[in-house]
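K.L.:
Residue numbers (my numbering), protein chains in the order written: chain A, 1 to 197; chain B, 1 to 197.
It should be emphasised that the hints constitute simulated quantities derived from the structure, not laboratory data. Treat the hints with care, as some may be off.
Just so you know, same-sequence chains aren't split out, so a pair can sit in one copy or run between any two.
In silico lysine to aspartate or glutamate, EDC-like type, Cα no more than 20 Å apart, as pairs [unchecked claim]:
1) Lys182 x Asp81
2) Lys155 x Asp140
3) Lys182 x Glu26
4) Lys182 x Asp32
5) Lys155 x Glu59
6) Lys51 x Asp169
7) Lys51 x Glu64
8) Lys155 x Asp32
9) Lys182 x Glu64
10) Lys121 x Asp131
11) Lys121 x Asp32
12) Lys121 x Glu22
13) Lys51 x Glu159
14) Lys182 x Glu22
The structure displayed is predicted, hence computed values, not measured ones.
Okay, here's what each chain looks like letter by letter:
Number of protein chains: 2
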Amino acid sequence: MSRWEPNSRGRLEQAALQLYSERGFEQTTVADIAMRAGLTERTFFRHFADKREVLFGGESSLQEISMNAIACAPDPLAPIDAVAVALDAWGVLIQDRRELVRQRRAVIAANAELQARELLKRASLASAIADALRRRGVADPAASLTAEAGIAVFKVAFERWMNEPGQQDLPQLIRETLDQLKAVTAGGCKVQRELVP
Amino acid sequence: MSRWEPNSRGRLEQAALQLYSERGFEQTTVADIAMRAGLTERTFFRHFADKREVLFGGESSLQEISMNAIACAPDPLAPIDAVAVALDAWGVLIQDRRELVRQRRAVIAANAELQARELLKRASLASAIADALRRRGVADPAASLTAEAGIAVFKVAFERWMNEPGQQDLPQLIRETLDQLKAVTAGGCKVQRELVP
């Protein structure tokens with residue numbers, strides 16, 4: 001006797017993050033999550049394959065957003081700025097979920113396996129961005145390099161957004177961080193072989 | 001009755017990588033490795049905490065090299081070029097071990113847990129580089145951003161070095177890749193908010 005429950009996915013996600021924060025990820029079961037959300041385990045499994053997917057289910061939306069943003073970015077945009085359009089869209093999406101994102105980050109930081117999974121997620125987002133750039137006609141190694149640079153920008157901007165209490169505007173921070181990347185890479189000169197220890 | 005064995009660490013490493021390649025990482029035991037190297041398990045454990053450390057024991061030398069290279073880089077060098085000195089030193093070290101490095105990479109690619117461990121290693125090298133830059137007086141977020149950019153350059157250069165059969169000079173490839181990063185980040189313009197989907 002299953003019936004439609006309004007926003008069951010969101011309720012399950014909130015319940016899961018609360019429980020992971022209170023008890024730890026390992027100590028929480030799908031039954032606990034369903035009960036906290038006032039839903040059934042069957043409803044849980046209609047939305048998530050397992051309790052880990054509650055934390056990583058957003059990966060495919062970030063991937064899809066990136067593909068679309070990069071494919072649709074206007075032609076004259078340099079590759080790094082096409083990537084910036086994708087990161088901006090991530091920023092908008094993520095900043096609307098600040099409290100959930102903060103809980104998620106703390107849960108992941110407390111568990112080595114989840115940390116590793118998070119790094120794999122970033123690596124696979126970098127691959128997806130590089131693919132999208134290749135489809136725009138960007139050659140390698142520029143495509144992978146630009147993708148990696150974009151992920152680096154996102155990572156640093158995201159940490160600032162989380163760590164600096166007054167920071168609210170993640171897309172703005174991402175733009176600033178990209179400008180800083182341009183500044184730190186522009187500052188250098190050619191490296192002399194003789195400097196190597 | 002343990003006795004000194006010449007280059008036992010190198011012999012164990014070679015034996016381990018051979019076995020991991022032949023049978024897979026999971027299917028290899030420390031006893032197998034010691035036997036293949038003609039040494040005892042006791043000797044193995046004098047050099048490595050476990051069979052995984054054969055693959056990741058180099059992390060601390062890369063970390064130490066980076067700290068030294070960045071601390072000793074001449075003052076006028078921009079942060080990104082101080083990082084380049086460290087990456088150049090990595091390149092020299094790694095290219096001397098091309099065959100072992102190639103085997104190691106294939107073993108890691110075949111095992112999800114090892115892939116995750118490899119990503120953690122890169123993340124912790126990025127942190128170490130950022131720390132070394134902070135000690136040079138580089139402020140955040142420039143320190144973390146420069147470190148992440150350096151890791152991105154290394155990753156892309158390393159993949160090229162492994163995938164392009166004619167490529168021998170890893171330090172040269174690292175320098176080229178850094179120049180490409182400078183080019184891809186310099187190419188852009190400011191992102192317009194209106195472009196966001």
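K.L.:
It remains to establish, for every hint, whether it holds in the given structure.
P.N.:
Structure-based check of each hint:
1. Both within a single protomer and between protomers do Lys182 and Asp81 lie at most 20 Å apart by alpha-carbon distance, with minima of 11 Å and 14 Å respectively.
2. Taking the shortest Cα distances, Lys155 and Asp140 sit within 20 Å of each other only across copies (13 Å), while inside one copy they are farther apart (23 Å).
3. When the C-alpha separation of Lys182 and Glu26 is checked against a cutoff of 20 Å, the pair qualifies neither within a copy, at 41 Å, nor between copies, at 44 Å.
4. For the homomeric pair Lys182 and Asp32, neither the shortest alpha-carbon distance inside one copy (47 Å) nor that between copies (50 Å) is at most 20 Å.
5. Taking identical chains as interchangeable, the C-alpha atoms of Lys155 and Glu59 lie at most 20 Å apart only when both belong to the same chain, with a minimum of 15 Å there against 22 Å between chains.
6. Proximity of Lys51 and Asp169 under a CA criterion of 20 Å is satisfied in neither setting, with 30 Å inside one chain copy and 46 Å between copies.
7. Neither within a single protomer nor between protomers do Lys51 and Glu64 lie at most 20 Å apart by alpha-carbon distance, with minima of 22 Å and 39 Å respectively.
8. For the identical chains of this complex, Lys155 and Asp32 are neighbours neither inside a copy (32 Å) nor across copies (41 Å), given an alpha-carbon limit of 20 Å.
9. Taking the closest pair of Cα atoms, Lys182 and Glu64 never come within 20 Å of each other, the shortest separation being 26 Å inside a single copy and 28 Å across copies.
10. With identical chains, the CA atoms of Lys121 and Asp131 are at most 20 Å apart within one copy only, with a shortest distance of 15 Å there and 25 Å across copies.
11. Proximity of Lys121 to Asp32 under the C-alpha cut-off of 20 Å is found in neither arrangement, the shortest distances being 26 Å within a copy and 34 Å between copies.
12. With identical chains, the CA atoms of Lys121 and Glu22 are never at most 20 Å apart, being 25 Å at best within one copy and 29 Å at best between copies.
13. For the identical chains of this complex, Lys51 and Glu159 are neighbours neither inside a copy (25 Å) nor across copies (34 Å), given an alpha-carbon limit of 20 Å.
14. Taking CA atoms no more than 20 Å apart as the test, Lys182 paired with Glu22 passes in neither setting, with 41 Å inside one copy and 45 Å between copies.
Hint check: violations occur at hints 3, 4, 6, 7, 8, 9, 11, 12, 13 and 14; the rest are consistent with the structure.
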